[in-house]
Structures are given as C-alpha cells and as structure tokens.
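Participant: Single-letter residue listing:
There are 4 protein chains.
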Amino acid sequence: MNDTDALGELRDQLRGFAEERDWRQFHAPKNLASALSVEAAELLEHFQWLGEGASRCLTAKQLAPVREEIADVLIYLIRLADELGIDLAQAARDKIEINARKYPVEKSRGSIRKYTDL
Amino acid sequence: MNDTDALGELRDQLRGFAEERDWRQFHAPKNLASALSVEAAELLEHFQWLGEGASRCLTAKQLAPVREEIADVLIYLIRLADELGIDLAQAARDKIEINARKYPVEKSRGSIRKYTDL
Amino acid sequence: MNDTDALGELRDQLRGFAEERDWRQFHAPKNLASALSVEAAELLEHFQWLGEGASRCLTAKQLAPVREEIADVLIYLIRLADELGIDLAQAARDKIEINARKYPVEKSRGSIRKYTDL
Amino acid sequence: MNDTDALGELRDQLRGFAEERDWRQFHAPKNLASALSVEAAELLEHFQWLGEGASRCLTAKQLAPVREEIADVLIYLIRLADELGIDLAQAARDKIEINARKYPVEKSRGSIRKYTDL
Chain R
39 MNDTDALGEL
49 RDQLRGFAEE
59 RDWRQFHAPK
69 NLASALSVEA
79 AELLEHFQWL
89 GEGASRCLTA
99 KQLAPVREEI
109 ADVLIYLIRL
119 ADELGIDLAQ
129 AARDKIEINA
139 RKYPVEKSRG
149 SIRKYTDL
Chain Y
39 MNDTDALGEL
49 RDQLRGFAEE
59 RDWRQFHAPK
69 NLASALSVEA
79 AELLEHFQWL
89 GEGASRCLTA
99 KQLAPVREEI
109 ADVLIYLIRL
119 ADELGIDLAQ
129 AARDKIEINA
139 RKYPVEKSRG
149 SIRKYTDL
Chain L
39 MNDTDALGEL
49 RDQLRGFAEE
59 RDWRQFHAPK
69 NLASALSVEA
79 AELLEHFQWL
89 GEGASRCLTA
99 KQLAPVREEI
109 ADVLIYLIRL
119 ADELGIDLAQ
129 AARDKIEINA
139 RKYPVEKSRG
149 SIRKYTDL
Chain U
39 MNDTDALGEL
49 RDQLRGFAEE
59 RDWRQFHAPK
69 NLASALSVEA
79 AELLEHFQWL
89 GEGASRCLTA
99 KQLAPVREEI
109 ADVLIYLIRL
119 ADELGIDLAQ
129 AARDKIEINA
139 RKYPVEKSRG
149 SIRKYTDL
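Protein chains in written order, with my numbering: chain R, 39 to 156; chain Y, 39 to 156; chain L, 39 to 156; chain U, 39 to 156.
For the record, the hints were derived by calculation from the structure and aren't laboratory data.
Keep in mind that the hints are not guaranteed to be accurate.
Any copy will do: because identical chains look the same in the list, a pair fits if it lies in one copy or spans two.
To be verified - In silico BS3-like links for lysine-lysine, alpha-carbon gap of 25 Å or less: (1) 99 / 140; (2) 133 / 145; (3) 152 / 99; (4) 99 / 145; (5) 133 / 99.
Predicted model, so just to flag it, every value in this text is computed and none were measured.
Isolated chain R, as found in the complex (with noise of 0.2 Å):
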C-alpha cells in the first residue's frame, strides 16, 4: 500500500473513529463478524423480492440505499481486517490467485458449478 491508497486509508480512518468514541472495546471480531453479517443482509433484503433482471436496472431511487448498505459491508470489513492484522487489498490478490487454478478457463467457461464438481 502506498500512501494513496483508498484501503488504507479508510482503514486509519476508521480505527480513528472508533477510537474517539472508545468502541474498539465492543469491536471483537466475532462482533465484527457479526455486525458484517448484518449488513450484508440489510443489503440483501433491497434484492428479495425482485427480479434478476430488475436487480440489474435499479432505479436511482432504489440505487441509494443499496449504496449505502455497500458502504456499511466495506465499513466493518475494514475494521475487521484492521482488528485481526490482515491486509485486506492482499488477501483478495492471494484469493483470486487460489481461484484462479480453482477455476480453469476452460473448465468453468459459462458454468458456475462448484470447483469441486467441475
């Protein structure tokens, strides 16, 4: 990371405003794991009932609140990250890497199988 970074710097951020407000005490990773959890839901509950196809032409009505419930998900992923040491921009590099030989090309092309019945 450098010192342009957007992760990085959401992450000092973001251990800032816990800090000014004596939360990290609360911020016990199966907290945040929790607190995660929720969000993700609280995003999930906007696609319920629609469609798939209207899921991919939101309105921007619809679009803001989705906006939102996104930030809260990459909010507690930060400081979950930020809690256990993990850097979070080269846990995804590694875990594309892992699914890269997971899912060949030419294996998964058009299927989304599990890697274990591919």
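Following the hints, position chains Y, L and U against chain R.
Facilitator: Chains Y, L and U alone, transformed into the frame defined by chain R:
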C-alpha cells in the same frame, strides 16, 4: 482513484476474471448480494462458538481460513459494486460522514447504542 | 402445546441432545443466533445462482441437501427459543396477527411492498 | 402430524395468508431463502454487541423484539418448506438422527468441534 489504487486494480481484475469465464450472465446484483451474504456467514461460522476474548487472539491455524473468507467477502463486494456502477471507496467515505453526524463523539463515547436510541 | 405436538417433542429431544454432550455451555443465545444465521446462509447458498423459476422446480438431487439445511435452521431456531424460554408456535401466531394488521388484504394484494410503503 | 399439530396449522394459515394477498408469485424458494436469511440476520442484530453472558439474561424489553424476529424466521421457514413440499418436523427428526451419528456422545462431550475434526 488513481493507477496505484488497490480497489480499482482488484475491480478490473475481477471483471476480467468473470468475463473470461462468461460469468457475468450469473452476476446479476440479486445473485451477487446473495453470494456476499453467504460468504459473510461462512466468515462468521469461524467465530460462532468462540468467546469474544478468544476471537481477539486467533492462532495462526485459525487465522488462515478467516483471511480467505474475508477475501471472498471483499471479492463479491467489489463485483457487486462494479455491476451497479458504484465507486466503493467513495461510498464508504460518504457513509463515514453520515455516521459522524449520527454518532457525535460526545454522545456515543463508550456506548454502542443505535443512533436512534442516543 | 400437547403431548403430540411436533415442536414440543423436538424441543425436548434437542435439549436432551445438547445436555448429553454438555453443549449448553456453548449455547448462549448470542452463539445460537450466529449459528442460525450461518445455517440460513448455507441454505441460501443452494439458490444463489439459480433463477427463480429453477428454484421452483428443484431436482431430487438438488432438494435433498436443501431439506437438510432447512432442518438445521429449524433445529437451531428451536434451541434458541428454548434457551430464551419462548414458545415458538405462539410467537408465530402472535406475529401472524401483527402481519395481518400491517398488510390488510385489500392494500397489499399482488404487491410485496413493505408495510411502511403501503 | 395430526390435526392438533402446530406446524401443520401454521403452514396452512401462512399459505392462506399468501394466497389471499396473491403473494405466491413472489414466493419462489430462491426469494424465500433470501428473506429467511435476512430475518435471521435481523435476529442476530439484537445480539451483535452483547456479551455471551448478557445474551443469556435478556431484559423483558430486549426479549420482546427478539421474540418477533424469531417468529419471522419460523414464518419464512414454514413458507419455504411448504413451497418445496418438505415436511418440516420430519426433516428435523431425520437430521437429528444424522447428527447423533456424526456426534457420538463419548467423542463430542464438552467439545463443539465440527464432526470432521473429531
């Protein structure tokens, strides 16, 4: 964002990954929001029977799969934001501003109550 | 409830199962609520890439694991209600009454909007 | 099941509720599984910042909304099982038998490890 931005790089890489495999047909926001929720729960599973204290000091053996699940959450979050045309970092910055107004330092110090109960 | 009630029987059986294994020490409502959420997500996983239509006509091979996940959700829900001293069937009856007031037939027919938007 | 069975009664009542409102068109199993997951997370939200000990002794004020969320989870679970033609109580009984084999008393007493790690 600029060229060195980790989130922007990951977004492009993940879009390419999906396109190579012809997976964008499956990546309706409704489906990605489900997948994100599923990954968040798989992350939570590692903490469900742990005490809060134990969750703060994971062993290396416990941390490794947690790091992978965290990566999976970020990966689906980036894909979802990309399909919806949302700038993830900017959405988080905007939400932090909202949160700073909802949770003023003096009112929320040491208390994790919802802003509606402050 | 009476002696032939399935929910009451399952509740007693599951409490015995936990006690025999000395598991009630782990069954704090906080932990059971996490486990319930994790099982609900494992159930959702089976549907995440399916279209709505396909989800209405699962093959026998698809249905079998779905049935097991549904059972897991019920099992944790019964355990959680038991630890909290909640009568599950009565709670559902009470909630159906609330929902009937929130969603009057004439206003909500054919529309899945939240009652706050009716 | 027999005539006095609570689960069977609730199933019939909830199917009628959906039919009166012409909601079965929205009740694809994919959508119901999402809604179930969302309700399970709303339940979890009440516990996310609580310690385990506090979660074992909820106040009456804390318990009331938890009871409603638990009811919501059961309601969607019953609807989902009904749409899939699954007998909920029998599915749970079958799963308890499977669990009894996976977690023999002597091996799992006092330990919450997954059966794959026993």
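Participant: If a hint holds in the structure, say so; if it does not, say that too.
Facilitator: Against the structure, the hints come out as follows:
Taking the shortest Cα distances, residue 99 and residue 140 sit within 25 Å of each other only across copies (22 Å), while inside one copy they are farther apart (39 Å). Proximity of residue 133 to residue 145 under the C-alpha cut-off of 25 Å is restricted to the intra-copy arrangement: shortest distance 19 Å within a copy versus 35 Å between copies. For the identical chains of this complex, residue 152 and residue 99 are inter-copy neighbours only, at 15 Å across copies versus 35 Å inside a copy, given an alpha-carbon limit of 25 Å. With identical chains, the CA atoms of residue 99 and residue 145 are at most 25 Å apart between copies only, with a shortest distance of 22 Å across copies and 40 Å within one.
Taking the shortest Cα distances, residue 133 and residue 99 sit within 25 Å of each other only across copies (17 Å), while inside one copy they are farther apart (34 Å).
The structure shown violates none of the earlier numbered hints.
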